[in-house]
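**Q** Residues in the sequence shown are numbered consecutively from 1, following UniProt numbering.
Some hints could be false.
[Stated by the list, open to error] Computed cross-link-like contacts, SDA-like style, restricted to lysine to any residue with a CA-CA straight-line distance of at most 20 angstroms:
1) K131 - H54
2) K6 - L111
3) K131 - Y65
[To be verified] Derived CB-CB ranges, DEER-like:
4) L71 - P39: 26 to 34 angstroms
5) L134 - L33: 24 to 32 angstroms
6) G98 - Y65: 37 to 45 angstroms
7) P132 - E67: 19 to 27 angstroms
8) E110 - R73: 15 to 23 angstroms
9) A36 - P132: 33 to 41 angstroms
10) P39 - K128: 29 to 37 angstroms
11) A76 - E37: 22 to 30 angstroms
Just so you know, the hints here were simulated from the structure itself, not pulled from any lab data.
Each residue gets a CB set at the ideal place from its N, CA and C atoms; glycine is no exception.
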Amino acid sequence: MSARGKARRRALDILFEAEARGEDALKVLAERLERAEPPVNEYTAAIVEGVCRHRARIDELITTYAEGWTLERMPAVDRNLLRGGTYELLWMPDVPEGVVISEWVGLASELSTDESPQFVNGLLARFKQLKPSLAL
Numbered sequence: 001m002s003a004r005g006k007a008r009r010r011a012l013d014i015l016f017e018a019e020a021r022g023e024d025a026l027k028v029l030a031e032r033l034e035r036a037e038p039p040v041n042e043y044t045a046a047i048v049e050g051v052c053r054h055r056a057r058i059d060e061l062i063t064t065y066a067e068g069w070t071l072e073r074m075p076a077v078d079r080n081l082l083r084g085g086t087y088e089l090l091w092m093p094d095v096p097e098g099v100v101i102s103e104w105v106g107l108a109s110e111l112s113t114d115e116s117p118q119f120v121n122g123l124l125a126r127f128k129q130l131k132p133s134l135a136l
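Given these sequences and hints, build the entire structure.
**A** Shown next as structure tokens:
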């Protein structure tokens with residue numbers, strides 16, 4: 001797994017843990033940065049901070065385009081995969097879109113249900129297609 005791949009996985013871990021604990025993801029990130037075991041990559045921090053900064057818009061996009069699914073109905077891991085992937089895809093222009101989608105779909109394959117990779121791929125691909133017309 002690449003350094004950025006590991007950073008994405010760690011960002012997902014932090015986002016998921018924060019939701020499971022009912023805490024702010026920035027607080028969980030701060031705890032991880034302070035503990036530094038394992039060290040938190042700066043790319044991980046950028047994803048978590050970006051998701052937190054744009055969370056309302058990200059959740060609005062996911063809710064709007066996830067046909068037949070509400071955020072509450074999605075598995076928690078899928079919600080957070082989509083949050084991380086959506087942030088990286090729409091707000092981090094230096095990363096190739098195909099790489100972003102592939103990496104987050106790979107995490108879905110590894111960590112979620114059998115249907116999740118197709119679901120994550122479909123939604124992120126839709127955001128890639130709509131990106132020029134989305135008001136961010």
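**Q** Next, verify each hint and record whether it holds.
**A** Here is how each hint holds up against the structure:
no.	hint	in the structure
1	K131 - H54	15 angstroms, holds
2	K6 - L111	14 angstroms, holds
3	K131 - Y65	13 angstroms, holds
4	L71 - P39: 26 to 34 angstroms	31 angstroms, holds
5	L134 - L33: 24 to 32 angstroms	31 angstroms, holds
6	G98 - Y65: 37 to 45 angstroms	19 angstroms, violated
7	P132 - E67: 19 to 27 angstroms	21 angstroms, holds
8	E110 - R73: 15 to 23 angstroms	22 angstroms, holds
9	A36 - P132: 33 to 41 angstroms	40 angstroms, holds
10	P39 - K128: 29 to 37 angstroms	31 angstroms, holds
11	A76 - E37: 22 to 30 angstroms	24 angstroms, holds
Of the numbered hints stated above, the single one contradicted by the structure is hint 6.
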